[in-house]
Amino acid sequence: MINIKRNLLIVLALVICLLLLAEIAFAKPVTITFWHAMSGSRLGVLESIIESFNATHPDYEVKPLFTGTYAETLTKYIAAYPTKTGPNIVQVYEVGTQTMIDSDAIIPVYQIPEMLGETWDWAQYVIPITNYYSVDGNLWSMPFNSSTAMLYYNKDLFEAAGLDPNKPPSTWKEMEEYGEKILASGVVDHVYSTGWPDWIFEQTLAYHNHLYADNENGRAGLATKVVFNDDFGQMVVDTWTRLHNKGIYIFGGAEYSANSAFKAGQIAMLIQSTSSLAGILKGSEFKVGTSFLPRFEGYPIGNSIIGGGSLWVTKEQSEEELRGVWEFLKYLGRKDIAIQWHKGTGYFPVSGAALKDLLDEGWFSAEQTFLTAFLQILSGRRDTAASTGVRLGPFVAMREVFVSSLEKSLAGQISPKDALNEAEEKMNLLLKDYLELYGR
Amino acid sequence: MEFAPTFFKTLNIPRGEQMHEDKFPGNKFLPYLLIAPSIAVIFIFLIGPFGQSIYESFFFSTPFGTKTIFVGLRNYIRLFSSPDYLNSIVVTFKFSAFVIIVGLSISLAIAQLLNQKIRGVGFYQVALIWTYALSPTIAGVIWASMFAPATGLIPYIVSKLYDGYKLNWMTNGQLALLVVAAAATWKMLGYNIIFFLAGLQNVPGEFLEAAQIDGASSWKAFWRITFPMLSPTTSFLLFVNMLYAFFQVFGLIDIMTHGGPGNATELLVYKLYRDGFIHLNTGYASAQSFVIFFVISIVAIIQLRIVTRRAIYFR
Numbered sequence: 001m002i003n004i005k006r007n008l009l010i011v012l013a014l015v016i017c018l019l020l021l022a023e024i025a026f027a028k029p030v031t032i033t034f035w036h037a038m039s040g041s042r043l044g045v046l047e048s049i050i051e052s053f054n055a056t057h058p059d060y061e062v063k064p065l066f067t068g069t070y071a072e073t074l075t076k077y078i079a080a081y082p083t084k085t086g087p088n089i090v091q092v093y094e095v096g097t098q099t100m101i102d103s104d105a106i107i108p109v110y111q112i113p114e115m116l117g118e119t120w121d122w123a124q125y126v127i128p129i130t131n132y133y134s135v136d137g138n139l140w141s142m143p144f145n146s147s148t149a150m151l152y153y154n155k156d157l158f159e160a161a162g163l164d165p166n167k168p169p170s171t172w173k174e175m176e177e178y179g180e181k182i183l184a185s186g187v188v189d190h191v192y193s194t195g196w197p198d199w200i201f202e203q204t205l206a207y208h209n210h211l212y213a214d215n216e217n218g219r220a221g222l223a224t225k226v227v228f229n230d231d232f233g234q235m236v237v238d239t240w241t242r243l244h245n246k247g248i249y250i251f252g253g254a255e256y257s258a259n260s261a262f263k264a265g266q267i268a269m270l271i272q273s274t275s276s277l278a279g280i281l282k283g284s285e286f287k288v289g290t291s292f293l294p295r296f297e298g299y300p301i302g303n304s305i306i307g308g309g310s311l312w313v314t315k316e317q318s319e320e321e322l323r324g325v326w327e328f329l330k331y332l333g334r335k336d337i338a339i340q341w342h343k344g345t346g347y348f349p350v351s352g353a354a355l356k357d358l359l360d361e362g363w364f365s366a367e368q369t370f371l372t373a374f375l376q377i378l379s380g381r382r383d384t385a386a387s388t389g390v391r392l393g394p395f396v397a398m399r400e401v402f403v404s405s406l407e408k409s410l411a412g413q414i415s416p417k418d419a420l421n422e423a424e425e426k427m428n429l430l431l432k433d434y435l436e437l438y439g440r
Numbered sequence: 441m442e443f444a445p446t447f448f449k450t451l452n453i454p455r456g457e458q459m460h461e462d463k464f465p466g467n468k469f470l471p472y473l474l475i476a477p478s479i480a481v482i483f484i485f486l487i488g489p490f491g492q493s494i495y496e497s498f499f500f501s502t503p504f505g506t507k508t509i510f511v512g513l514r515n516y517i518r519l520f521s522s523p524d525y526l527n528s529i530v531v532t533f534k535f536s537a538f539v540i541i542v543g544l545s546i547s548l549a550i551a552q553l554l555n556q557k558i559r560g561v562g563f564y565q566v567a568l569i570w571t572y573a574l575s576p577t578i579a580g581v582i583w584a585s586m587f588a589p590a591t592g593l594i595p596y597i598v599s600k601l602y603d604g605y606k607l608n609w610m611t612n613g614q615l616a617l618l619v620v621a622a623a624a625t626w627k628m629l630g631y632n633i634i635f636f637l638a639g640l641q642n643v644p645g646e647f648l649e650a651a652q653i654d655g656a657s658s659w660k661a662f663w664r665i666t667f668p669m670l671s672p673t674t675s676f677l678l679f680v681n682m683l684y685a686f687f688q689v690f691g692l693i694d695i696m697t698h699g700g701p702g703n704a705t706e707l708l709v710y711k712l713y714r715d716g717f718i719h720l721n722t723g724y725a726s727a728q729s730f731v732i733f734f735v736i737s738i739v740a741i742i743q744l745r746i747v748t749r750r751a752i753y754f755r
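Chains A and B, in that order, are what the protein sequence lines are. Residue 1 is where the first sequence starts when you use the working numbering, and the numbers rise one by one after that. Residue 441 is where the second sequence starts when you use the working numbering, and the numbers rise one by one after that.
Here chain A stands alone, though its shape is the one from the complex:
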């Protein structure tokens, strides 16, 4: 009896010694906090990428935290920053880019390799994507989930309505003609909807090489006024309102809420971010087709713009933390990870090498729908500010202004013309206020 007790004690003591040794040998990993806004099918892919990073990098532990929508994440970051409770890395959508640049709260990513005594070739990332997040040619945030908008359509419904499932509409005029045919066939009550109506408006302008705001879309200097309220802008809102009144277009609300109607087969077409692709393919029981955004014939050619989010690095971190952050950012750009991210979501792979690998393995010929966004970007111009994208300080508020004006126009409360006038007036005031704060 006594012997057993004594043996037990010895074993226990040994175990404790071993544990203590282990504690010394394997120092605790440095924790890197990461706030993000990835929901739906995107979340699972992100989590598995972070798990694999933590498994392969025992010195660091990335702790992801879902902080709500993009707007909520930005808000939380701003609230947390002054109290030093913010994360090491935060994901911000493209709308918040100017706010972050002016925030004085972040380290531009192009400075990080230098701070750590490394050099890094930024040209390995896909240039149209890094362009969006660059100021004077220097990259300020790490591109992570970049997308653009494209047209999704339901091939089965096209067939049921007597249309060729391999000929989606390519102009807004065709959108209307197809819409009328599909409505007349009675297969659906409404024909198309869009996600992110504010963003789709920006896309439509850029797609026709039309500026949104002055000072080169706010890229050459802070914008002082919006410039979309002309014949072209009015034609866009006019067209949308007319299609809405005919019952072809059904307003789908913000962000991704229109997706459910498309997946359920209640509408035949959807204009949405490419990041919804994997989710839509998985959630739909019909043949999904994708194509370029519809055009207005006879207007200049621009390009669809980059949306989605990028990763920003908080100032005032210890060197150890910064090293971890940098390892993580490099890891996300690695080609196998970029491929995993692209396949799981539909976001662009950020590195050129990843693109080559995807091509080599035949991914794009097997999964044609994943190719659409690339071809669309490649088939437009990239040498003008209008086709590169908009960068505005009070962009979040300005987008809300646009949506509420559009909603009023669709509801018939005011004419499309008045809607744009109202939006212009409110947006210019917001820009004026921003200049008052940040103008130099």
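Bear in mind the hints are in silico, worked out from the structure with no lab data behind them. Note that the structure is predicted; figures quoted are calculated from it, not measured. Watch out, some of these pointers could steer you wrong.
Computed list of lysine-lysine pairs in DSSO-like fashion (alpha-carbon distance at most 30 Å, straight line) [claimed, not checked]:
| # | chain 1 | residue 1 | chain 2 | residue 2 |
| --- | --- | --- | --- | --- |
| 1 | A | K426 | B | K507 |
| 2 | A | K225 | B | K534 |
| 3 | B | K534 | A | K287 |
| 4 | A | K432 | B | K507 |
| 5 | A | K28 | A | K315 |
| 6 | A | K155 | A | K173 |
| 7 | B | K606 | A | K173 |
| 8 | B | K507 | A | K315 |
| 9 | B | K606 | A | K246 |
| 10 | B | K507 | A | K84 |
| 11 | B | K606 | A | K181 |
| 12 | B | K606 | A | K417 |
| 13 | B | K507 | A | K155 |
| 14 | A | K76 | A | K63 |
| 15 | B | K534 | A | K417 |
| 16 | A | K246 | B | K600 |
| 17 | B | K606 | A | K287 |
| 18 | A | K84 | A | K225 |
| 19 | A | K76 | B | K507 |
| 20 | A | K181 | B | K600 |
| 21 | B | K534 | A | K426 |
| 22 | A | K63 | A | K432 |
Starting from the known structure of chain A, fit chain B onto it as the hints suggest.
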């Protein structure tokens, strides 16, 4: 207010220090020490932030607080010259009126029915009260998916009944306001019913029996006896529902409409949130919070003065 002097007179205890001395001999400051934690909480969590927000309402600052400009009354001037804000005030009053009037009438009717001696009354009581236990998020999601324009049940039924009529609350502001108000009312039903039920059960049966013997119809008995005797409950619920309609429906609005379409469902408190936390304009939002405070205080004072004075307290 008039309660204290009479109370002290009847007990024949002189007010003030002497009483403290009697109860806590030698410890003049003990009572103050004991209430200090509550006072501290009130100062730290209520008065402090309130003062801060009044202060901030005179400034315009960057989201990260890196630069602040004194703008005097500009935030207030903009507020009252903004058609959006005036619209928001109108919307808030319409919404509150619906939630209070419709909500309380339906609750009272249901409570009256639940107060009858019928089989399985316990089941009905629980079934009607449980909505209060739902979180605003769940309630919002339920109502939003019920009315979803392309996939919802109700637009589907309406389009079948009325020859393809398309009910779309995402583009019809009046409808959106009605749906949100109905959801808010529905959510509060349970709470109102519980209180009305408790109030009804306190109405002494003798009075009603006496009225019956005197030949009063049950309708008349209700309006002449039950309703007046319920007035303390009613006035309490009026107040609670008003606060609810003003402040606590934020979650519902945020889930269901985000203040849209246009700004048809942008209640004061939701507009404040958007300006402060989405548009990151703290000064403007602070000015709004002061205005809301002012409006709600006036309404509260009026209600407390009129309603409690006229309420009939039994026993």
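Hint check results:
no., hint, verdict
1, A:K426 to B:K507, "holds (23 Å)"
2, A:K225 to B:K534, "violated (36 Å)"
3, B:K534 to A:K287, "violated (47 Å)"
4, A:K432 to B:K507, "holds (16 Å)"
5, A:K28 to A:K315, "holds (23 Å)"
6, A:K155 to A:K173, "holds (20 Å)"
7, B:K606 to A:K173, "holds (24 Å)"
8, B:K507 to A:K315, "holds (18 Å)"
9, B:K606 to A:K246, "holds (11 Å)"
10, B:K507 to A:K84, "holds (18 Å)"
11, B:K606 to A:K181, "holds (19 Å)"
12, B:K606 to A:K417, "holds (25 Å)"
13, B:K507 to A:K155, "violated (54 Å)"
14, A:K76 to A:K63, "holds (17 Å)"
15, B:K534 to A:K417, "holds (29 Å)"
16, A:K246 to B:K600, "holds (19 Å)"
17, B:K606 to A:K287, "holds (27 Å)"
18, A:K84 to A:K225, "violated (35 Å)"
19, A:K76 to B:K507, "holds (19 Å)"
20, A:K181 to B:K600, "holds (22 Å)"
21, B:K534 to A:K426, "holds (26 Å)"
22, A:K63 to A:K432, "violated (39 Å)"
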